[in-house]
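Asks: Sequence:
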Amino acid sequence: MAEAIGKWAFLIGVVLAIIAGIGAGAGATWAVNPWIALIIVILGLVIGFVNITASEVQPFLIAALALFAFSFANLGVINTLIPYLGSVLNSAVSFIALLVGPAALVVALRAVYRFAAE
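Residue 52 in the numbering used here sits at position 52 of the sequence shown, with consecutive numbering throughout.
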């Protein structure tokens, strides 16, 4: 049951983050609603608590770090070639980072706790 909840939380979180990113990049006011961000953060917490097993901790945290590094890239430059594309990509990556951030925090804290308990 928990595995199914984790999979659905991840799927819904990624789809919601991409839709909100497209909306925010296109200038839609509904996409920057704080409730959307809160839902994405809560889904990220669920992912962190349910989805990531002990064997997946290191690869997940490395992937999260790579995503966070990429989220600081200036994708807005792409707007000079194709209008709005850079803004949409930048917003989508930011919303996905908003999903992965809480999950990474939970996974990292669980790993630190596991190290301290040994």
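Please keep in mind that the hints were generated in silico from the structure rather than gathered at the bench.
Since the model is a prediction, treat every value here as computed from it, not as a measurement.
For glycine and all other residues, C-beta sits at the position ideal for the given N, C-alpha and C.
Be aware that one or more of the hints could be misleading.
Restraint ranges, calculated between C-beta atoms of paired labels, are given here [said to hold, decoys possible]:
1. Ala108 with Ile42: 12 to 20 Å
2. Gly27 with Pro59: 31 to 39 Å
3. Ala63 with Trp35: 44 to 52 Å
4. Ala73 with Ala37: 16 to 24 Å
5. Arg114 with Phe68: 17 to 25 Å
6. Ala54 with Ile5: 16 to 24 Å
7. Thr29 with Ala111: 36 to 44 Å
8. Leu45 with Arg114: 17 to 25 Å
9. Met1 with Arg114: 37 to 45 Å
10. Phe115 with Ala73: 30 to 38 Å
Asks: Against this structure, judge whether each hint is valid.
Replies: Now for the hints, and whether the structure bears them out:
1. Ala108 with Ile42: 12 to 20 Å: Given range 12 to 20 Å: holds, Cβ gap about 18 Å.
2. Gly27 with Pro59: 31 to 39 Å: This hint holds: roughly 36 Å between Cβ atoms.
3. Ala63 with Trp35: 44 to 52 Å: 27 Å, violated
4. Ala73 with Ala37: 16 to 24 Å: Cβ of Ala73 to Cβ of Ala37: about 21 Å, so the range 16 to 24 Å holds.
5. Arg114 with Phe68: 17 to 25 Å: 22 Å, holds
6. Ala54 with Ile5: 16 to 24 Å: 19 Å, holds
7. Thr29 with Ala111: 36 to 44 Å: With Cβ atoms ~39 Å apart, the hint holds.
8. Leu45 with Arg114: 17 to 25 Å: 18 Å, holds
9. Met1 with Arg114: 37 to 45 Å: 24 Å, violated
10. Phe115 with Ala73: 30 to 38 Å: The hinted range 30 to 38 Å holds for Phe115 and Ala73, with Cβ atoms some 32 Å apart.
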